[in-house]
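> Residue strings, one per chain:
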Amino acid sequence: MALVRVLQEDIPISPQPFAEIGEEVGLSEAEVLDKVHEWLANGTIRRFGAMVRHQKLGYTANAMSAWDVPDERAEEVGREFAAATEVSHCYQRPRADGWDFNVFAMIHGASKEDCQKVATALAERVGIEDFALLFSSKEFKKVSMKYFIE
Amino acid sequence: MIQSGFPVAARPYAAIGEKLGISEDEVIQRIKAIMDSGEIRRMGASFDSRKLGYSSTLCAVHVPAEKMDAAIAAVNAYHNITHNYERNHHYNMWFTVIAPSKERITEILHEIEEKAGVGPIINLPALKLFKIQVDLPVIDG
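As given, the protein sequences belong to chains A and B, one line each in that order. Every position in the first sequence, counted from 1, becomes a number in the numbering used here once 12 is added. Every position in the second sequence, counted from 1, becomes a number in the numbering used here once 3 is added.
Because the hints were derived from the structure by calculation, they are not lab data. Among the hints, a few may not be true.
[Unchecked claim] Covered by chain A, according to a simulated footprint, are these stretches of chain B (three or more residues, beta-carbon under 8 Å):
hint: 1; segment: 34 to 45
hint: 2; segment: 91 to 104
hint: 3; segment: 108 to 118
Even glycine gets a Cβ: it sits at the ideal position worked out from N, Cα and C.
Using the sequences plus the hints, can you model the full thing?
The following block contains the structure:
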């Protein structure tokens, strides 16, 4: 847990960053490297690298598309959406009061119109007309999660 | 290349330099410059919350204009809430919650409803994950 706490911060930009991390938590450089490799292999660490700001790289728009898919088709439709390069995240979620949509696909594009086109194309591909396209009008918060700090 | 191919090795910046044909020192200077420019939000490990035993969910709530400030303050106060957006729907506030247990998530949602005087908050934990991709291809302009 101590190692998770340090690894979830920015990696030091110095010649031997893993040795520095090891020093903080009382492990050798080799032990830290072994642990990170192990966690990458078993999926505990989803990725190791730089997290870029999408807006700065040309992806100026993103839309959360939410779809009312018959439950028995959710798996098939979800997989179809997931195959689209413009879709970064795709989940099946429960419906709720005032919320009939059960499949979510996050669409990225250069503009809102771009996202709309992608959604229209997805709708045609799976033959589902009932969807909502939610754009974020304001970002109130966007940070990385910190674990084991409570 | 530092987006997903960060070398997990004793001298990662030397390894990057070798691939790019520049020195370790130059790599370090360039990465520092990119970090300072704000193009990179952070650089390090991104953990799978489930593998660490955490529960996560996506939530939404209708917030009337006069309660918006209170709702933003109540929601953003939690380190468990990493993303919070206004979106164009009756459910106009959307946020994620990551916590050590489902019970803790329920507790947080109740606290927000009480503090901000909004709700009910709809709680939409993933039932199935079809795709999660953090890297996007870089497009020009």
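> State for each hint whether it applies.
To see whether the hints hold, each was checked on the structure:
1. With 9 residues bearing a CB less than 8 Å from a CB of chain A, the segment 34 to 45 of chain B meets the requirement of three and the coverage assertion stands.
2. Coverage of the segment 91 to 104 of chain B by chain A holds in this model, with 9 residues showing a Cβ closer than 8 Å to a Cβ of that chain against a need of three.
3. For a cut-off of 8 Å, the count of residues in the segment 108 to 118 of chain B with a CB near a CB of chain A stands at 0, and the three-residue condition is violated.
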